[in-house]
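Trainee: So you can see what is in the structure, the chains are spelled out below.
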Amino acid sequence: MRHIISILLENESGALSRVAGLFSARGYNIESLSVAPTDDPTLARMTLVTHGTDEIIEQITKQLNKLIEVVKLIDLTEGAHIEREMMLIKVDAGARDTREEVKRLVDIFRGRVLDVSGKTYTIEITGSGQKLDAFIGVLNKKQIIEVVRSGVTGIARGEKALTI
Amino acid sequence: MVLTGAEILIQSLKKEGVEYLFGYPGGAVLHIYDCLDQQDDIRHILVRHEQGATHAADGYARATGKPGCVLVTSGPGATNAVTGIATAYMDSVPMVVITGQVPTPLIGNDAFQEVDSVGITRPCVKHNFLVKSVDELAGTIKRAFYLASSGRPGPVVIDIPKDVTAHKAEFKYPSKIDIRSYKPVTRGHPGQIKKAVKLLLSAERPMIYTGGGVIWSNAAKLLTELAGILGYPVTNTLMGLGGYPATDRQFVGMLGMHGTYEANMGMHQSDVLLAVGARFDDRVTGNIEKFCPDARIIHIDIDPSSISKNVKVDIPIVGSISDVLAEMIRVLKETKRKPKDAELKVWWQQIEEWRAMDCLKYDRETTQVIKPQYVVEELYNVTEGDAIITSDVGQHQMWAAQYYKFDRPYQWINSGGLGTMGFGMPAAMGAQFAYPQQTVACITGEGSIQMCIQELSTCLQYSLPLKIVSLNNGYLGMVRQWQEFFYQGRYAMSYMESLPDFVKLAESYGHIGMRIENKADVVPAMQEAMQQKDRLVFMDFMTDPEENVYPMIPAGGGQNEMILV
Chain A
740 MRHIISILLE
750 NESGALSRVA
760 GLFSARGYNI
770 ESLSVAPTDD
780 PTLARMTLVT
790 HGTDEIIEQI
800 TKQLNKLIEV
810 VKLIDLTEGA
820 HIEREMMLIK
830 VDAGARDTRE
840 EVKRLVDIFR
850 GRVLDVSGKT
860 YTIEITGSGQ
870 KLDAFIGVLN
880 KKQIIEVVRS
890 GVTGIARGEK
900 ALTI
Chain B
38 MVLTGAEILI
48 QSLKKEGVEY
58 LFGYPGGAVL
68 HIYDCLDQQD
78 DIRHILVRHE
88 QGATHAADGY
98 ARATGKPGCV
108 LVTSGPGATN
118 AVTGIATAYM
128 DSVPMVVITG
138 QVPTPLIGND
148 AFQEVDSVGI
158 TRPCVKHNFL
168 VKSVDELAGT
178 IKRAFYLASS
188 GRPGPVVIDI
198 PKDVTAHKAE
208 FKYPSKIDIR
218 SYKPVTRGHP
228 GQIKKAVKLL
238 LSAERPMIYT
248 GGGVIWSNAA
258 KLLTELAGIL
268 GYPVTNTLMG
278 LGGYPATDRQ
288 FVGMLGMHGT
298 YEANMGMHQS
308 DVLLAVGARF
318 DDRVTGNIEK
328 FCPDARIIHI
338 DIDPSSISKN
348 VKVDIPIVGS
358 ISDVLAEMIR
368 VLKETKRKPK
378 DAELKVWWQQ
388 IEEWRAMDCL
398 KYDRETTQVI
408 KPQYVVEELY
418 NVTEGDAIIT
428 SDVGQHQMWA
438 AQYYKFDRPY
448 QWINSGGLGT
458 MGFGMPAAMG
468 AQFAYPQQTV
478 ACITGEGSIQ
488 MCIQELSTCL
498 QYSLPLKIVS
508 LNNGYLGMVR
518 QWQEFFYQGR
528 YAMSYMESLP
538 DFVKLAESYG
548 HIGMRIENKA
558 DVVPAMQEAM
568 QQKDRLVFMD
578 FMTDPEENVY
588 PMIPAGGGQN
598 EMILV
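Chains A and B are the protein sequences, given in the same order. Here our numbering is used: the first residue of the first sequence is 740, the next is one more, and so on. Here our numbering is used: the first residue of the second sequence is 38, the next is one more, and so on.
Hints in this document: simulated from the structure, not taken from any laboratory. Among these hints, one or two may not hold up.
[Unchecked claim] Subject to a maximum C-alpha distance of 27 Å in a straight line, what follows is the list of computed BS3-like cross-link-like pairs (lysine-lysine): (1) 811(A) / 346(B); (2) 801(A) / 570(B); (3) 801(A) / 327(B); (4) 213(B) / 899(A); (5) 811(A) / 220(B); (6) 842(A) / 805(A); (7) 213(B) / 805(A); (8) 349(B) / 805(A); (9) 169(B) / 801(A); (10) 220(B) / 805(A).
[To be verified] Reference excerpt, derived from the structure (chain A facing chain B, CB under 8 Å, subset only): (11) 793; (12) 797; (13) 809.
Glycine is no exception: its CB is placed at the ideal position from the N, C-alpha and C atoms.
Start from the sequences, fold in the hints, and give me the full structure.
Mentor: Here's what the structure looks like:
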């Protein structure tokens, strides 16, 4: 099963490599990883997407908790949550008809065109991973020049929060 | 008080009560060595190789329960220490390793003797630090010792750049410590403990299976008390030996790959299993699919990640072993329920039947060869079971575990998890420093001993009267045994050709060497060696070359599928 693990960790150099090292050393997979400091500059928030059986996920969370720099974590997929990922995608929009078609698709997906050149559009799309996949799916493969995805971030719904 | 980083380091180590610092000097740690030289409280022990320093500190820690301390230089000093750090990590040994580093402006420049020590040691430490400023130094040392010795213990590395040891700062050693991201649990959950006691008292075929956690938690007495109240059989892992007195009738021996018949059969047929500070290692469980098929399992451990890692358990209890056992004993004494005497009687009859198989029998009558088991048994007799025993890794390690009966914790010192050859002698040095009056014997083989043989020189320098018991069979015995069993006797590279003359070798290092070739000479040689109170004696026993360790659970086998002699 796919799990989204949200981690608060000390914002120190080396903390990220401990997490990444744990996954490679124990043979767990990382589908995506995003990390940045929080409003408290001493803390970083990491969102990690991984796959595994319940037993493996239990070990992953225990092993993560064992890292000294991990302050707290939750498995977002255990409850109602919101998941968002941002994608920047540069597409070929040289011909007039494709230009209009791409613009329509961007509107349908509630995306934004951030940059325009004579031959390209650079588009921002935000949503679940599936939505981003779907957008890529509707484009003509040859049109796509470059794709940048932020990796998943997430937060629990309602009053539940991951804070110290 | 304004001090240099090197002075702060030494003062901080004193505050932590460090008696011995095992190390080797080099460019990056010269400021520290200069300071060490100007004080008398901490004794620096000069080893001959950094691996020896880490094993010696490890042996000190395993003999005392206190953290061992190491000081090495940057680059090769740090990489040489890695094997010893990984050894300590696998066996949860509290240790603080200080590695020198190139000056901060040079870090990342591929400077002379530069290596990313924090990166290299990251997967085999409990935690590690790079100290970037002298202002952080004292606090980091405080944290390192706290982390190393609390919770599930383990090695901590502090990497200190040379310029940090020269810079000055106000020295104030923190008296308290609070790490918001590290709060090890000590007390077990009362509800879980009650449930566990209830389950224990319902047992008809119980087993108590205990590991190194009992030793590290200083809970051997409590374990003995608990087992006494219940009257249940107790088995120890390789790391747990000494956690329960081996000469007690309730003790059924070590379990696992080379465990006793009664311990493994008892585990396999148990209906309730109490696992205490043990981690269901693959050498213990054998084939996990066949492990304890009928047992409901209670598992006490301070490390939540050890619970249900390999074997799913029914009642997990996270907490320090001593706290949880004390609470269990309290609950047991309060409850009116008693163990099921009638069923236990039948269970003990079964266990005694297994025990009567005498799975550790060997040819005791032969006078043709020296049986290695005989050497260990006689060592037990000659030392009256009281010596601190260290071992290297291989057949001799298993024979030491099987035939020397350990009655107290901190008496048996070996590399169980990592299986590090070369561990035994330097570990014995550490134990001997901790207990100068005790007999410390290292049971080893002609293969293992050569991996850290250079430490014979350290032993001379510090007059360490170790007793080295080498079971010399001319083979890498455990490798040969597996090749005999599973590779049709093709002995690829397991034969130790061109062995040195160990007697002359010992003598050239200034010690006493003995070669023992006849069975009749075994005991007299040991007695003579033990009389040499202030000399190291290297006893080279020429043992039966093709003796095997029995019983044995072959890889992939269940606990009830032992190869017996």
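Trainee: Look at each hint and say if it fits the structure.
Mentor: Each hint tested on the structure:
no. : hint            : verdict
1   : 811(A) / 346(B) : 21 Å, holds
2   : 801(A) / 570(B) : 49 Å, violated
3   : 801(A) / 327(B) : 26 Å, holds
4   : 213(B) / 899(A) : 33 Å, violated
5   : 811(A) / 220(B) : 11 Å, holds
6   : 842(A) / 805(A) : 48 Å, violated
7   : 213(B) / 805(A) : 22 Å, holds
8   : 349(B) / 805(A) : 19 Å, holds
9   : 169(B) / 801(A) : 30 Å, violated
10  : 220(B) / 805(A) : 10 Å, holds
11  : 793             : 10 Å, violated
12  : 797             : 7 Å, holds
13  : 809             : 6 Å, holds
Going through the hint list in order, the structure does not satisfy hints 2, 4, 6, 9, 11.
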